[in-house]
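Protein chains in written order, with the working numbering: chain A, 1 to 477; chain B, 1 to 477.
If a hint is listed, it holds; no wrong ones were tucked in.
With a Cα cut of at most 25 Å, we get these calculated DSS-like pairs of lysine-lysine:
| # | chain 1 | residue 1 | chain 2 | residue 2 |
| --- | --- | --- | --- | --- |
| 1 | B | K312 | B | K371 |
| 2 | A | K5 | B | K124 |
| 3 | B | K333 | B | K301 |
| 4 | A | K392 | A | K368 |
| 5 | B | K80 | B | K121 |
| 6 | A | K333 | B | K121 |
| 7 | A | K58 | B | K312 |
| 8 | A | K121 | B | K333 |
| 9 | A | K58 | B | K333 |
| 10 | A | K333 | B | K58 |
| 11 | B | K121 | B | K237 |
| 12 | B | K78 | B | K237 |
| 13 | B | K333 | A | K124 |
| 14 | B | K124 | A | K333 |
| 15 | B | K5 | A | K124 |
| 16 | A | K301 | A | K312 |
| 17 | B | K368 | B | K333 |
| 18 | B | K121 | A | K5 |
| 19 | A | K121 | B | K5 |
| 20 | B | K73 | A | K73 |
| 21 | B | K58 | A | K312 |
| 22 | A | K124 | A | K78 |
Coverage of chain B stretches by chain A, computed from C-beta distances (three or more under 8 Å per stretch; other residues unrestricted):
| # | stretch |
| --- | --- |
| 23 | 32-41 |
| 24 | 83-97 |
| 25 | 113-121 |
| 26 | 150-160 |
What the hints contain is simulated information worked out from the structure, not anything from laboratory work. Backbone N, C-alpha and C define an ideal beta-carbon position, used for all residues, glycine too.
Take a look at the letters that make up each chain.
There are 2 protein chains.
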Amino acid sequence: MSEEKLPSRAENFSEWYNQVVLRAELADYAPVRGCMVVRPYGWALWENIQASLDQRFKATGHVNAAFPMLIPKSFLEKEKEHVEGFSPELAVVTIGGGEVLEEPLIVRPTSETIIGHMYSKWIKSYRDLPVLINQWGNVVRWEMRTRLFLRTLEFYWQEGHTAHASYEEAEEETLRMLEVYTRFAIDDAAVPVLPGRKSDSERFAGAQRTYSIEAMMGDTRALQAGTSHNLGQNFAKAFDIRYLDPNNQLQYCWTTSWGLSTRFVGAIIMTHGDDQGLILPPRLAPIQIVVIPIFRNDEEKSVVMPIVERLKNELASFRLRVDDRSELTPGFKFNDWEMRGVPLRLEIGPKDVQNHTVMAARRDIPGKGGKTLLNQDQISSQVTTLLDNIQKSLLHRATTFRDEHIYNPKNYEEFKQAVTQGWAFSWWCGNAECEGQIKEETKATTRCMPMDQPEGKGTCIYCGEPAHEKVYFARAY
Amino acid sequence: MSEEKLPSRAENFSEWYNQVVLRAELADYAPVRGCMVVRPYGWALWENIQASLDQRFKATGHVNAAFPMLIPKSFLEKEKEHVEGFSPELAVVTIGGGEVLEEPLIVRPTSETIIGHMYSKWIKSYRDLPVLINQWGNVVRWEMRTRLFLRTLEFYWQEGHTAHASYEEAEEETLRMLEVYTRFAIDDAAVPVLPGRKSDSERFAGAQRTYSIEAMMGDTRALQAGTSHNLGQNFAKAFDIRYLDPNNQLQYCWTTSWGLSTRFVGAIIMTHGDDQGLILPPRLAPIQIVVIPIFRNDEEKSVVMPIVERLKNELASFRLRVDDRSELTPGFKFNDWEMRGVPLRLEIGPKDVQNHTVMAARRDIPGKGGKTLLNQDQISSQVTTLLDNIQKSLLHRATTFRDEHIYNPKNYEEFKQAVTQGWAFSWWCGNAECEGQIKEETKATTRCMPMDQPEGKGTCIYCGEPAHEKVYFARAY
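Please model the complete structure; the sequences and the hints are all you need to start from.
Given below as structure tokens:
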């Protein structure tokens with residue numbers, strides 16, 4: 001870890017973000033432009049995200065599988081909107097085993113096409129439906145402006161792909177997975193996302209309806225943190241995914257897809273971090289508790305370490321690290337683990353041994369306010385309470401911040417001001433032209449139309465025509 | 001599942017294998033030549049393999065990370081043997097985002113080069129060592145003759161990459177991971193592998209020493225099921241991985257790498273399967289127990305199902321599936337789950353309800369010999385014992401089969417006969433020429449030289465010159 005101070009969030013949020021990612025050793029730049037290396041600490045965080053989501057997917061009846069990374073170029077061309085959306089972003093394998101390939105292969109940017117092809121082979125009858133498959137993997141999109149975790153050429157994600165017998169079932173699945181993402185984000189990541197439907201111009205290429213969860217970052221910008229698509233029959237028709245219904249009639253399936261990626265790591269960093277570095281929600285933190293033994297000489301060490309060992313055993317159900325590096329001062333270690341966002345620090349020195357105490361310091365409340373002197377007895381239940389409180393407090397703080405920065409501008413003048421300071425929640429006529437003008441004039445885009453809409457109707461914030469839905473507008477990552 | 005009978009193993013082992021993979025729905029052919037789709041049942045098996053290995057890696061101090069899939073072509077050229085070994089097998093990305101790339105990118109066939117590059121950035125001091133990182137991911141090798149799981153263009157694996165301060169530490173790590181693979185194979189997969197060192201001609205491209213675990217398949221052929229490489233300082237010198245030692249002198253690191261892939265799924269199939277299909281070891285089986293309710297009408301159903309539900313709850317700690325598909329007969333279901341290799345089947349019919357019994361059928365012992373009538377009380381402990389016995393019996397059977405098919409031929413004539421019926425364990429002078437001649441004349445290759453060598457010396461089975469090591473020779477996958 002570098003000793004230099006982080007840039008403050010207020011002064012340069014973007015540079016603060018880059019520095020936190022590098023100094024907390026979450027990720028590093030790869031030698032290929034726009035690619036990243038996810039370092040062990042960052043990957044451990046992603047593994048916890050994976051575990052939380054995977055459990056939720058399985059609880060809703062999904063199974064995992066693995067589809068190939070290389071897709072024949074012709075597959076992408078079978079769905080018109082899909083190929084238009086992804087063509088500019090493709091990485092293409094043209095040589096294999098020393099020979100120029102007859103048909104170039106695409107490194108998957110997403111897997112609707114190859115999975116559609118396989119589903120057309122596997123699905124025969126209504127008895128085979130629904131098919132509920134998820135895949136954890138890597139994809140490549142040739143992005144021009146890249147940022148670690150937020151937008152990289154290669155990224156890691158899960159993509160669910162399901163096939164159903166009716167539009168209603170597909171829509172139900174699409175919304176179920178949106179809810180899974182929402183619960184994961186709020187309950188485990190303490191990121192108070194807002195779920196809703198995307199506008200037509202922000203739809204996934206080839207989808208009939210796209211829903212997303214949208215999160216407000218610490219600089220008030222929006223981050224699309226997960227998406228769920230009702231693909232209608234578009235891919236079923238392009239890939240001939242059909243089933244015999246109970247009346248022995250061939251019908252096209254209705255399909256969905258939904259994904260959440262390593263981008264979410266960026267959402268966690270930019271939602272919770274502070275000027276000292278990362279702050280991780282206890283439920284996902286790779287290290288929930290760091291224990292710093294404090295001693296000045298071997299005699300003190302021989303008094304302190306047995307207690308540290310005992311507490312470590314009593315706290316075995318937590319993800320805990322004892323920092324016993326001998327060449328570093330406690331002060332250095334405090335800063336180091338603050339940078340890495342460990343939610344709770346326990347300090348144990350000779351006085352604590354004498355007094356049967358442990359000093360606990362909360363990462364979310366810097367300084368004395370976050371310190372509590374614990375009794376060594378029943379340490380596990382005290383620590384459970386503290387971690388629960390940190391989890392709740394992170395969510396509360398982020399929710400308050402979000403709500404304080406969502407405005408209801410009365411007119412377009414106020415709107416223009418609002419989107420420089422946060423989000424605007426405004427009536428919109430639904431017309432892509434107004435959406436485009438607003439984007440051009442303010443850089444704010446439609447984020448999503450929440451499910452819970454206010455009663456009644458309004459008038460479009462831009463053109464003044466009648467509007468029947470309110471939408472979040474924001475500058476986005 | 002098709003109703004047609006499987007080809008028998010004796011009659012056509014290779015076709016038996018292909019059919020089992022497809023009919024048990026472990027995997028399917030992808031539209032790109034040589035690629036596979038791992039279907040949910042196959043992926044669940046792989047996930048159990050992953051969990052077992054991952055736990056063992058973490059217990060030996062390793063952490064996971066993720067390195068990019070795209071590698072600059074020039075990186076591969078930095079280690080001479082490495083590039084020679086992998087050049088013919090590369091998939092090359094030449095176009096990105098619609099533009100021809102200045103430098104083509106290789107889809108990783110393995111990650112020594114890109115990880116070496118990152119280690120040279122990260123490792124500064126002896127305090128940074130050892131670095132013990134593993135990665136789970138996909139790689140691509142442009143193979144010409146492919147078989148599902150055994151050899152595919154894209155496959156899934158883990159690759160560990162470590163850096164150390166001395167040759168001895170690197171060698172210790174290499175052997176530690178060989179032992180991890182051996183324990184996993186024997187204890188969890190019931191595959192009685194033989195660990196040992198590879199001959200120079202069978203070394204990994206760029207390694208100083210390669211070790212492997214070798215397994216005997218049901219047709220007596222050998223399958224290399226995992227490898228561990230001591231890379232010496234080859235990659236450290238090619239990628240400038242250096243550290244300051246305690247005397248402030250710059251030293252090159254010593255590195256290792258080790259990998260085990262979805263090929264291991266093939267090893268499990270070909271070790272345990274029989275003419276009815278797959279047989280999975282209970283510790284790795286995605287479904288350990290299948291429960292088949294048996295009834296002829298709604299009245300019987302209403303009697304049977306409550307007991308099924310109760311037993312299901314009592315067996316909640318097992319991976320259990322109740323097959324309540326109404327359109328299929330019990331006989332069809334028996335065959336179906338036998339094909340899929342579920343270790344234990346429980347049948348419950350109206351008589352069992354009356355008699356407070358459950359019929360248990362072991363997958364590893366077909367017919368009446370494998371059936372036991374259980375009491376419904378304390379079902380969990382009875383099932384635990386049965387599954388333990390199945391696990392042990394699979395290992396015992398495979399070990400017996402292996403040992404019965406390893407020969408100690410007295411001369412080359414006997415040797416030639418031996419390698420058509422199994423493996424030959426023979427003295428070898430260590431000369432690549434003899435090895436090459438044997439391969440040409442018998443198709444048998446050196447598999448590995450086991451750690452435990454017999455006392456004394458012998459004479460080379462081919463040339464008669466003095467030999468100080470015995471080696472396994474076999475025809476291999």
